[in-house]
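Engineer: Place chain B on chain A using the hints.
Protein chains: 2
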Amino acid sequence: MGKSVYNNVEAHKDITPRLELQQKSPKLMTLEEAIRHSGLKDGMTISFHHHFRGGDKVVNMVVDKLAEMGFKDLHLAASSLQDVHEPLIEHIRNGVITEISTSGLRGELAKEISHGLMEKPVVFRSHGGRGEAIASGEMHINVAFLGASSSDPLGNACGYSRSENAKSICGSLGYALPDAHYADKVVILTDDLVPYPNTPNSISEHDVDYVVEVESVGDSSKIASGAIRDTKNPRDILLAQQAAKVIVNSGYFKNGFSIQTGSGGASLAAVKYIRQSMIDQDIKASFALGGITAHMVKMHEEGLIERLIDVQSFDKVAAESLKNDPKHKEVSACEYASMHEQGAATHYLDIVILSALEVDVNFNVNVLVGSDGIIRGAIGGHPDTAEDSALSIIVCPLLRGRIPCVVNEVTTLITPGRTVDVVVTEYGIAVNPARPEIAERLKAAGLKIVTLEELRDRALSVIGNPAPLPFGDKVVGVVMNRDGSVMDVIKNIVE
Amino acid sequence: MGKSVYNNVEAHKDITPRLELQQKSPKLMTLEEAIRHSGLKDGMTISFHHHFRGGDKVVNMVVDKLAEMGFKDLHLAASSLQDVHEPLIEHIRNGVITEISTSGLRGELAKEISHGLMEKPVVFRSHGGRGEAIASGEMHINVAFLGASSSDPLGNACGYSRSENAKSICGSLGYALPDAHYADKVVILTDDLVPYPNTPNSISEHDVDYVVEVESVGDSSKIASGAIRDTKNPRDILLAQQAAKVIVNSGYFKNGFSIQTGSGGASLAAVKYIRQSMIDQDIKASFALGGITAHMVKMHEEGLIERLIDVQSFDKVAAESLKNDPKHKEVSACEYASMHEQGAATHYLDIVILSALEVDVNFNVNVLVGSDGIIRGAIGGHPDTAEDSALSIIVCPLLRGRIPCVVNEVTTLITPGRTVDVVVTEYGIAVNPARPEIAERLKAAGLKIVTLEELRDRALSVIGNPAPLPFGDKVVGVVMNRDGSVMDVIKNIVE
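Chains A and B are the protein sequences, given in the same order.
The UniProt record's numbering puts the first residue of the first sequence at 1, with every later residue one more than the last.
The UniProt record's numbering puts the first residue of the second sequence at 1, with every later residue one more than the last.
So here's chain A without its partners, still in its complex pose (with noise of 0.2 Å):
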């Protein structure tokens, strides 16, 4: 074919002006044609992001539109679920779910789930885990419908807002990338269209098939709910402290070190609490990892830490910082935590302070199911980042009420031992015995250094032998280890 073709001029272009063409974008379209449209059929993988936490609205809105268009046997991928997650056990008992992968389960749903409610057991996988299959291909996402704070007419999406009358705002959108770049198909819901370009924008017009407005996609005040509140509960504050001086005692506490702290009041907190030594030190950290934090954004605009790295912001401040800040950057789960990715965030992460629902006296931790065999937490990041960091930190108290948090052995086994490195509780610490040179800084710092087996005797001394849980024989849950290997088993509780 040579030029001649085009010898003849003739009519060519749609000559709308590109403002109004937006508005004709191929890809605007209602929930329902975007499910018609992608292909979905029965027995496939639909998959969610958690960033709005408790005030997520997209779950349920698209599995009660899944169910209404007689979807059945689809396996619900989440990187989380929550509390508001209950109306899935509707939709489990009629056939429309018949399989979970997510981090964690709370509420209702993890009760039911924990009792036996579904016949395939629930895959928990960390963050890093997650992200890994994905990428892998070992969890393949044939449809995922992503929940954006705002995004334009042609997919350009994040979890912040340029617009005034922004609704929704949950910042970094980091567990919800693999699933735009790896699934079939990708939906993006958005509670606020604005014009192209949607920029600073987190996930690309070129990984987005459909989009699509809705009334709303989440409750903004409640992405800072549940175990990421700003904690005052005194004894918090206390293991917070207590945290800090191990950090700062520990020997990685220098000039270009970084941190990241998970959820929960303890943790969260131990970041406010360096936060003097490294000024009186002059140790800028070069950055901090999450989970980011109103405290972090502030230390960070102090100059203290050179840089954030968020692969989901915990609350609001962080989340607008996200928007304005080139030095806060956003990451995938991949780039946060993947255990094959030489250059994700976590293997390049000195310090790491977790929680814990029990630690046992192997370091064991168990952040998934309660004392009572029922599954109310999230493994999250905390198998990842305590493996891949130099030096992780547990904090948990001895008891909460008459549960004890020290026991001989964990439940459910989430993150291994030998990647456990401290214990902060408010009778004292324990060192991991593979880290002795960790127990000399700390003793010679002044600090209480106790072991595992003396904080089971005190915490039984004063709450006695527990029973044992009442455990059946059916496998509800399945713990994945970050290789893909599986980690532990989570059977149904009976009474």
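One or more of the hints may lead you astray.
It does not matter which identical chain is used: a pair holds within one copy or between any two.
[As the list claims (entries may be wrong)] With a Cα cut of at most 30 Å, we get these calculated DSSO-like pairs of lysine-lysine: (1) K65 / K185; (2) K24 / K474; (3) K245 / K13; (4) K254 / K41; (5) K167 / K448; (6) K13 / K185; (7) K167 / K254; (8) K167 / K284; (9) K222 / K24; (10) K272 / K13; (11) K13 / K284; (12) K41 / K167; (13) K24 / K284; (14) K298 / K474; (15) K245 / K298; (16) K254 / K13; (17) K13 / K448; (18) K232 / K57; (19) K474 / K316; (20) K24 / K327; (21) K41 / K443; (22) K316 / K24; (23) K245 / K41; (24) K474 / K272; (25) K245 / K167.
FYI, nobody ran anything at the bench for these hints, they're computed from the structure.
Structural biologist: Same frame as chain A, now just chain B:
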């Protein structure tokens, strides 16, 4: 496997502080090691970007090394090639490079190829066409060698730097992003290795396999060289002013309009001359696309252009702005101009101003082959933006010295006339008959409307009928359409 395997605590982690651990990054190696690790074999495809333009040092450095290591029969797939790549002539003669894909060719290399240096024709693609060919798998890259102005040891890389001692700044890496994303193996070469995390960044460690520290990746002083210098030529300024009048009176000069200026002094300068009209009429652009220049950055900072979408930074001011301004967004070649990507920026572009080597009476444009039959240009985003925009304006003098620019038939077809709306010369403005409404608006504004035939005749009356070019029978170049079909072929020149 249960948790029992974790009942013994054991020595477990690398306890090196992570700032030191970075120096042991498994990705850090020499260029030769990276090539060996990459699995590159004879006959494979290697790729490069041209963001350093005439200052690029990566292509020659890498191909010299490949020659030294004995590689043969390689396909060099660059986003474009410049005068500085003259040393490739020897590598082609020696059989190291036997195939080339590029957007353009200049200088001695272009001259030799025009005379038949290579057995296989060079494949020319537009920037959007190349992005699409890579994303669709039509052009599969085995190893991408990507120069970066900074990188950390894990491969987070970009075209700017936070270092005081940054050496080579090029701004956007837009044309390298499809390579980073889709190549089997990605090698980052950098002359500014900074601590992790190198944020903000544009290429993620997720996509990078090897990081090579080199003396220099490019000469920043040359990124604003050649076709993208700020013009002081009075004729170019006249053409730019005429183009500005066309824009202002076209019917597309409305609040929220979008604009791109292609390379070439007159087209780049046009944006300067609409500034006052924007202020006077209180019109703001929603975005400028490109090819971002200092003029655009200035107007963005003044509030006249809301957002900048940057696939290539045309000067250092643009590169610096990209680093610091969240509303100045880097996009990949796909996000910029892929034909099949519904959300690509060009589809939402109102106005583009482009230059030309030749325009013919059917509005067809040639930007690649000189009137002497020798390749001396680049396709760039010319056909992509002309086709997708609502209004494409070509600025072109009637003659360049004794060479006519308005001709009966273009030497090589790059941009079909059906996608070209207006041609601006110093002797009048021609409007595509398919756009009568534009002609009416320009006439009403008092602009001089002529036909291309009149312009052609005027040129011929000055310089006489040119002799036919002495083309041979060998195909030395193939010009691809955006959809992967052949647009035109270039024959060897004999003399």
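Engineer: Each hint: holds or not?
Structural biologist: The hints, checked one at a time:
Taking the shortest Cα distances, K65 and K185 sit within 30 Å of each other inside one copy (17 Å), while across copies they are farther apart (42 Å). Proximity of K24 to K474 under the C-alpha cut-off of 30 Å is found in neither arrangement, the shortest distances being 52 Å within a copy and 46 Å between copies. Taking the closest pair of Cα atoms, K245 and K13 come within 30 Å of each other only across two copies (22 Å); inside a single copy the shortest separation is 68 Å, beyond that limit. In this homomeric assembly, K254 and K41 never come within 30 Å of each other (Cα to Cα): the closest approach is 54 Å inside a single copy and 45 Å across copies.
Taking CA atoms no more than 30 Å apart as the test, K167 paired with K448 passes in neither setting, with 49 Å inside one copy and 51 Å between copies. With identical chains, the CA atoms of K13 and K185 are at most 30 Å apart within one copy only, with a shortest distance of 29 Å there and 39 Å across copies. In this assembly of identical chains, the alpha carbons of K167 and K254 lie at most 30 Å apart only when taken from different copies (29 Å versus 41 Å within one copy). For the homomeric pair K167 and K284, the shortest alpha-carbon distance between copies (26 Å) is at most 30 Å, but the shortest distance inside one copy (36 Å) is not.
For a Cα distance limit of 30 Å, the shortest separation of K222 from K24 qualifies neither inside one copy, at 34 Å, nor across copies, at 42 Å. Within a single copy, K272 and K13 get their C-alpha atoms only as close as 59 Å, which misses the 30 Å cut-off; across copies the closest is 27 Å, which meets it. For a Cα distance limit of 30 Å, the shortest separation of K13 from K284 across copies, 24 Å, qualifies, whereas the shortest one inside one copy, 56 Å, does not. When the C-alpha separation of K41 and K167 is checked against a cutoff of 30 Å, the pair qualifies neither within a copy, at 32 Å, nor between copies, at 54 Å.
Taking CA atoms no more than 30 Å apart as the test, K24 paired with K284 passes between copies only; the shortest distance there is 22 Å, against 50 Å inside one copy. Within a single copy, K298 and K474 get their C-alpha atoms no closer than 48 Å, and across copies no closer than 67 Å, so neither meets the 30 Å cut-off. In this homomeric assembly, K245 and K298 come within 30 Å of each other (Cα to Cα) only inside a single copy, at 21 Å, whereas the closest approach across copies is 49 Å. Taking CA atoms no more than 30 Å apart as the test, K254 paired with K13 passes between copies only; the shortest distance there is 19 Å, against 61 Å inside one copy.
Taking CA atoms no more than 30 Å apart as the test, K13 paired with K448 passes between copies only; the shortest distance there is 24 Å, against 77 Å inside one copy. Proximity of K232 and K57 under a CA criterion of 30 Å is satisfied intra-copy only: 28 Å inside one chain copy versus 58 Å between copies. Taking the shortest alpha-carbon separations for K474 and K316, neither the intra-copy value of 41 Å nor the inter-copy value of 65 Å comes in at or below 30 Å. For the homomeric pair K24 and K327, the shortest alpha-carbon distance between copies (25 Å) is at most 30 Å, but the shortest distance inside one copy (36 Å) is not.
Taking identical chains as interchangeable, the C-alpha atoms of K41 and K443 are never at most 30 Å apart, the minima being 61 Å within one chain and 58 Å between chains. Taking identical chains as interchangeable, the C-alpha atoms of K316 and K24 are never at most 30 Å apart, the minima being 33 Å within one chain and 37 Å between chains. For a Cα distance limit of 30 Å, the shortest separation of K245 from K41 qualifies neither inside one copy, at 55 Å, nor across copies, at 55 Å. In this assembly of identical chains, the alpha carbons of K474 and K272 never lie at most 30 Å apart, being 44 Å within a copy and 73 Å across copies at closest.
When the C-alpha separation of K245 and K167 is checked against a cutoff of 30 Å, the pair qualifies neither within a copy, at 40 Å, nor between copies, at 41 Å.
The earlier numbered hints that this structure contradicts are 2, 4, 5, 9, 12, 14, 19, 21, 22, 23, 24 and 25.
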